[in-house]
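S.K.: Chains A and B supply the protein sequences, listed in that same order. Residue numbers are given in the numbering used here: position 128 of the first sequence equals residue 128, and the series is strictly consecutive. Residue numbers are given in the numbering used here: position 147 of the second sequence equals residue 147, and the series is strictly consecutive.
It is possible that some hints are incorrect.
If you only want the chain A side, here are some residues facing chain B, beta carbon under 7 Å, derived [as the list claims (entries may be wrong)]: (1) 252; (2) 254; (3) 413.
For the record, the hints were derived by calculation from the structure and aren't laboratory data. The beta-carbon is built from N, C-alpha and C at its ideal position, and this holds for glycine as well.
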Amino acid sequence: MGQAAEVFLGILTAMGGFVEIGELVFTLTAGTRFGYQLLWVCVLGTVGIMAYCEMAGRVAAVRGRPVFSLVRERAGFAAGGVTLVASLVVSLLTCAAEIGGIALLWQLVSDGPYRFFVLLAFVAFAVIVWVLPFQWIERVYGLGGLMMIVFAVTLIKIGPDWGEVAQGLVPRAAPSSGSARDTLLYAYVAVALMSSIMLPYETYFYASGGIEDDWKPKDVTLNRVVVLVGFALGALLAMALIGLGADFFAPHRIDPQAPATAALAASDALGRAGLALALGGMFFAFGGAAIETCLSGAYNLAQFAGWPWGKHLPQRATPRFTLAWIVLLLLAALLVVTGIDPVQVVEYSIVASVVVLPLSYFPLLMVAKDRRIMGRHANGWLSNALGWFYLVLVTLAALAALPLFFLTHQGQG
Amino acid sequence: MHIPLPRLTRLIGLLLACACIAPGARAGGMLDDETGELRIAVGLLRSQAEELALLREQAQRGVLPPRYVRAHATQLEKAVERARQQLADAPAPPSARPHAESAKAAARELLDELARLRHSGRPQGPFTGPPLRARLQQAEQALQPPA
Chain A
1 MGQAAEVFLG ILTAMGGFVE IGELVFTLTA GTRFGYQLLW VCVLGTVGIM
51 AYCEMAGRVA AVRGRPVFSL VRERAGFAAG GVTLVASLVV SLLTCAAEIG
101 GIALLWQLVS DGPYRFFVLL AFVAFAVIVW VLPFQWIERV YGLGGLMMIV
151 FAVTLIKIGP DWGEVAQGLV PRAAPSSGSA RDTLLYAYVA VALMSSIMLP
201 YETYFYASGG IEDDWKPKDV TLNRVVVLVG FALGALLAMA LIGLGADFFA
251 PHRIDPQAPA TAALAASDAL GRAGLALALG GMFFAFGGAA IETCLSGAYN
301 LAQFAGWPWG KHLPQRATPR FTLAWIVLLL LAALLVVTGI DPVQVVEYSI
351 VASVVVLPLS YFPLLMVAKD RRIMGRHANG WLSNALGWFY LVLVTLAALA
401 ALPLFFLTHQ GQG
Chain B
1 MHIPLPRLTR LIGLLLACAC IAPGARAGGM LDDETGELRI AVGLLRSQAE
51 ELALLREQAQ RGVLPPRYVR AHATQLEKAV ERARQQLADA PAPPSARPHA
101 ESAKAAAREL LDELARLRHS GRPQGPFTGP PLRARLQQAE QALQPPA
């Protein structure tokens with residue numbers, strides 16, 4: 001495949017894989033509760049995930065080192081072990097939420113039993129990850145996720161107030177309605193929204209994916225273009241979801257908490273075609289994220305422990321890695337088969353994610369900026385400035401996340 | 001300059017652990033909004049009533065196939081059950097009890113309507129939607145703490 005085609009496909013895949021169930025829930029919630037006022041958080045989070053994914057991809061391309069190999073080397077076994085356990089818990093919760101979301105979608109289409117679909121999702125994804133090569137998984141789900149564009153089309157059809165959109169891009173510390181409870185909720189949704197955009201598994205998966213795809217130093221530019229353009233387009237989709245919250249669900253006085261509710265916006269504006277695209281887009285987006293999180297957990301464990309890993313190797317050469325992703329997928333399915341509400345799992349996974357972020361980003365920043373390790377590919381002044389800024393920001397967000405979670409009745413008000 | 005990375009990472013971990021402990025210690029003092037849980041449960045029911053109205057409206061327009069409507073009603077019914085349980089578990093001070101009772105009655109009406117929709121897949125008969133939604137909205141507003 002030519003370089004241009006590869007870049008183009010990479011951009012589309014990154015865009016299609018940008019939104020998953022956590023982001024869907026929190027972008028819609030942000031728009032419903034605060035209109036366009038939190039749009040700036042979307043931009044802030046996207047620049048953050050761009051900065052750190054670019055670093056992770058660059059380190060993978062230049063040194064062939066994934067994130068958790070660096071975490072263990074740089075943070076030491078004990079602190080690295082804590083980061084590993086926390087990241088595994090987050091991957092498990094996120095994977096469970098995605099599987100629950102897929103089961104809800106299948107139930108909507110077929111009117112069958114939810115628990116059966118949870119188990120079916122486990123079997124289906126286990127077979128898919130076992131059989132399909134890495135690049136196929138990445139592209140099929142990434143490109144399928146592009147159907148989510150239907151939500152942006154829906155918003156355009158509704159006709160947003162562009163003046164409000166522009167105002168929403170200006171950061172503000174508190175919402176326009178100024179009660180203390182509203183301010184706490186605004187802060188919680190802002191932190192959760194940023195966390196849902198900067199999910200830690202995305203960085204782990206992206207770097208491991210670079211190694212799976214056999215990136216070399218010559219691919220540093222490809223990495224940069226894919227991250228910058230693909231994530232920027234993905235962010236537009238996330239912003240469109242905020243817009244739908246503001247311009248469709250808020251006027252209907254609905255707090256959209258489930259995929260079925262989100263789909264009502266597309267069916268309202270675009271009829272059955274809109275409904276089909278919304279359900280298809282969500283299926284690929286959640287499915288891609290379910291696979292990415294279970295693989296990401298297995299990558300982290302294998303990289304930390306020094307086991308052979310990767311989809312590019314035959315299963316018999318990576319027995320512990322293969323067992324790890326199967327067990328993770330199974331545990332995630334068992335968690336949601338108990339009947340726990342997947343949306344509640346989303347809330348917990350997002351809050352847990354933000355707590356893990358600084359622990360993962362810190363070692364990555366240390367390596368990416370180190371000229372002895374990265375040579376001429378080490379961070380420039382912009383990457384360093386962004387790296388430190390976001391490290392401080394996610395640390396503050398991590399400190400605030402749990403108190404805000406409890407003070408806002410788990411983000412409900 | 002040599003940065004002792006393991007120590008710095010442990011420091012970040014310690015700060016995060018403090019953040020985990022803080023809410024437990026502070027929750028008792030700060031969550032003095034005694035109708036908070038009740039208001040949230042009523043708010044959920046209000047949102048679910050609005051969603052049901054939209055679902056019915058789209059089903060009547062023929063936008064949604066009956067099988068899809070049945071499945072959506074099944075999922076919404078579960079969500080209403082959870083909100084009703086939350087309502088039952090929420091502490092209600094004497095002044096808030098009439099609103100809690102009104103919301104409980106609305107939840108029962110919602111569940112009845114959802115059960116009908118789940119069986120038929122299309123809206124049948126009149127839905128007491130507007131007054132029901134108005135009742136829930138009123139209860140939610142009455143439970144708002146003073147600004």
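S.K.: Compare the structure with each hint and give your call.
M.R.: Evaluated hints:
no.: 1; hint: 252; result: 6 Å, holds
no.: 2; hint: 254; result: 5 Å, holds
no.: 3; hint: 413; result: 5 Å, holds
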